[in-house]
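**Q** This is what each chain is made of:
Number of protein chains: 2
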Amino acid sequence: MTQDPPLRLFDLAGADEHRRFSPYCWRIRLALAHKGLPVRTVAWRFTDKQAIAATGQGKVPVLVDGDRWIHDSWAIAEYLEDTYTDTPSLFGPGAGRALARFLNQWAAETLQPAIARVVVPDIPAILHAQDQDYFRSSREAAFGQSFEALAAQRPQALDNVRRLLAPLRSTLGAQPYLAGARPLYADHAVFGAFQWARMVSPVALLEPGDPVEAWVERMLDAYGGLARGAAPAPAVGAAS
Amino acid sequence: MTQDPPLRLFDLAGADEHRRFSPYCWRIRLALAHKGLPVRTVAWRFTDKQAIAATGQGKVPVLVDGDRWIHDSWAIAEYLEDTYTDTPSLFGPGAGRALARFLNQWAAETLQPAIARVVVPDIPAILHAQDQDYFRSSREAAFGQSFEALAAQRPQALDNVRRLLAPLRSTLGAQPYLAGARPLYADHAVFGAFQWARMVSPVALLEPGDPVEAWVERMLDAYGGLARGAAPAPAVGAAS
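Taken in sequence, the protein lines are chains A and B. The numbering used here puts the last residue of the first sequence at 240; the count rises by one with no breaks. The numbering used here puts the last residue of the second sequence at 240; the count rises by one with no breaks.
These are computed hints drawn from the structure, not numbers from a lab. Honestly, I wouldn't trust all of these hints.
Note that identical chains are pooled: a pair holds if it fits in a single copy or bridges any two copies.
Here are the simulated SDA-like cross-link-like pairs (lysine to any residue), alpha carbons at most 25 Å apart as the crow flies [what the hints assert, rightly or not]:
(1) Lys59 with Glu140
(2) Lys35 with Gly180
(3) Lys35 with Pro93
(4) Lys35 with Ala53
(5) Lys35 with Gly94
This is chain A alone, in the form it adopts within the complex (with noise of 0.2 Å):
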């Protein structure tokens, strides 16, 4: 490892190169703020597999430090905690990162599938010209729909959406985050997938009132307005 480490990350970008809307690369960007740690990103797209292939997969994010690089989420968020031990914790003592390894799982492998249900059809409109067949092709074998097909099921999507949310819905009325007083990894990864449904999707994942909409709120303000400061997808029929 290098002195003072130059960090990079890839991070998946739509035709604006500012676009970065994955929702795994935003829980290392929140991540990377929490403990304070500068960073480098590169503008990456589905496409573009030859630039990480170091890593000897192809999807981001992939974090670069001097001679390492790393991939995975989790297992980037566990190497930034391992390693740089004298800035904030992600995970905090005890039982800390195996609850958060639950909650990382279910924002992954619960939550984001039905998110995507609503707002897959929306990000074509988003992408880079490069991705716009690979990303069709994919995603349309993964659900064994067309992109048309999916969008005329939206509102069933959505309604599974929010019933799938009620364990969130209640925990985040009873504490102000999901590691209680202050945010730590486990509201990174879960949060990840409503930045992602904000920047792809004009559609409104929650009711009004909600009271996970009031945390989303709070985790747009959290580390100087990090995640506030990147655009939400245009609203339908909005001039360009």
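Since chain A is already given, all that's left is putting chain B on it; use the hints.
**A** This is chain B only, laid out in the frame that chain A set:
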């Protein structure tokens, strides 16, 4: 509070007073064992509302500690943690309590309703006669369906449970307990759902080899085999 408080727990029972099958009561049975606190359980049926009228509501668990009556499993867990501070912690330090709240709510609001659609039609077979009418009418109203209709949809309901278990499965594939190396209240809360299913229905929720199954086995053995000592539901068609 009296000296050496004789803790009493109103504990949901079936026709056989030894069949204690409430997922919420199991949370507290395990939490009390974790803290090494002896308890005298009192067999209670759904329609014994008068016995717990002091709490101003009609559900168990209800813990009686001297002249204090506490209801709601989460409130009881917090009471035990904050009262018996010289016994092993249910949450650990830092964000442990806040993060456990999410797992507690996920078990109650996502996992248990999904499991209910699998096991509820089996519950009348173990209930006391006094509870039969109450249970069927209240549950059929809640589901908006007859038990016969629910039973006919059991294969799809079982698929749904297994899909919702994805984050539990990946977490427990990476660590022995939800709280890490040893169980804490997050484990008690989620395991309560599996102990409930085991005690009321012969249906196997998990496929062989599921990492969740290995954790269930560890939880059955924990605290001197407390949960394993409770008899599972009889197999369908078993001689009685």
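**Q** Each hint should be assessed against the structure and marked as holding or not.
**A** Structure-based check of each hint:
no. : hint              : result
1   : Lys59 with Glu140 : within (18 Å within a copy, 47 Å between copies)
2   : Lys35 with Gly180 : both (18 Å within a copy, 23 Å between copies)
3   : Lys35 with Pro93  : both (16 Å within a copy, 20 Å between copies)
4   : Lys35 with Ala53  : neither (27 Å within a copy, 51 Å between copies)
5   : Lys35 with Gly94  : both (19 Å within a copy, 17 Å between copies)
Against the hints set out earlier in the document, a violation occurs for number 4 only.
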